[in-house]
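Engineer: Chains as they are written, first to last, in this note's numbering: chain A, 58 to 171; chain B, 123 to 238.
One or more of the hints may lead you astray.
Listed below are the simulated BS3-like cross-link pairs for lysine-lysine, each with C-alpha atoms no more than 30 Å apart in a straight line [stated by the list, open to error]:
id: 1; chain 1: A; residue 1: 71; chain 2: B; residue 2: 177
id: 2; chain 1: A; residue 1: 114; chain 2: B; residue 2: 200
id: 3; chain 1: B; residue 1: 192; chain 2: B; residue 2: 177
id: 4; chain 1: B; residue 1: 230; chain 2: B; residue 2: 200
What the simulated footprint calls covered on chain B by chain A, stretch by stretch (three residues with Cβ under 8 Å from a Cβ of chain A suffice, anywhere in the stretch; the number is not a length) [said to hold, decoys possible]:
id: 5; region: 154-168
id: 6; region: 228-236
It is worth saying that the hints were derived from the structure and are not from the lab. Ideal Cβ positions, reconstructed from N, Cα and C, are used throughout, including at glycine.
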Amino acid sequence: NAGVTQTPKFRVLKTGQSMTLLCAQDMNHEYMYWYRQDPGMGLRLIHYSVGEGTTAKGEVPDGYNVSRLKKQNFLLGLESAAPSQTSVYFCASRTGTAYTGELFFGEGSRLTVL
Amino acid sequence: AQTVTQSQPEMSVQEAETVTLSCTYDTSESDYYLFWYKQPPSRQMILVIRQEAYKQQNATENRFSVNFQKAAKSFSLKISDSQLGDAAMYFCAYRSGGGGADGLTFGKGTHLIIQP
């Protein structure tokens, strides 16, 4: 039961470097999401996708790009990392058919930008 | 835009006692869903309980129950017979109803401490 898998789990970057976080889900879910979690701020939505080839902006999209080339994968990219992007990033997915809308989360990826 | 407010940054309770975590939300919609998620030190987000706004009956899952007051826009979580494993961050979350792809809007969380 893999569910939602994020890689890498930890990463340290220098300011200006780029990186990509990979999210993979094996539940055949239509919808996928990227959140960031900061102390005292809860989880905030960065981008989301309603299906292969589609993406949309969430609450805090600036400085991030995403792609969903395959239904099971959702990539989050940082082109030029900034210290303000130090955070824990969560990927989540859900089916598009269930009205209750429960999100299934990955284990999170801790990113530190120096 | 909807907002979710958790007014208690931290709560402490003795093991085996009952504790209630508060959550209020602001929305103009009539159809929506509410959730409580638990985040232990492992960081994993775990669904504790969900409530559909159209249901008047409060949801219950074993030791966890909610007090859903739709008119007051309040959604509190009651944990009975608290256990050490209940220690975690608890997040209240809102999602619009219908068939849209909206993600969840989260509150800032309540850190629950269980005293042995």
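Engineer: Taking 30 Å as the top limit, are the C-alpha atoms of residue 114 (chain A) and residue 200 (chain B) close enough?
Structural biologist: 34 Å, violated
Engineer: Between the alpha carbons of residue 230 (chain B) and residue 200 (chain B), is the straight-line distance 30 Å or under?
Structural biologist: 18 Å, holds
Engineer: Residue count check for the region 154-168 of chain B against chain A: does it reach three with CB-CB under 8 Å?
Structural biologist: Coverage by chain A holds for the region 154-168 of chain B (6 residues, Cβ < 8 Å).
Engineer: Compare the distance between the alpha carbons of residue 71 (chain A) and residue 177 (chain B) with 30 Å, and conclude whether the hinted pair is satisfied.
Structural biologist: 50 Å, violated
Engineer: Can the restraint linking residue 192 (chain B) and residue 177 (chain B) be considered satisfied, given a maximum Cα separation of 30 Å?
Structural biologist: 10 Å, holds
Engineer: State whether the coverage of the region 228-236 of chain B by chain A holds or is violated, taking the criterion as 3 or more residues with Cβ-Cβ distances under 8 Å.
Structural biologist: Coverage by chain A holds here, the residue count being 4 at a Cβ distance below 8 Å.
In summary, the structure is inconsistent with hints 1 and 2 from the numbered list given earlier, while agreeing with the others.
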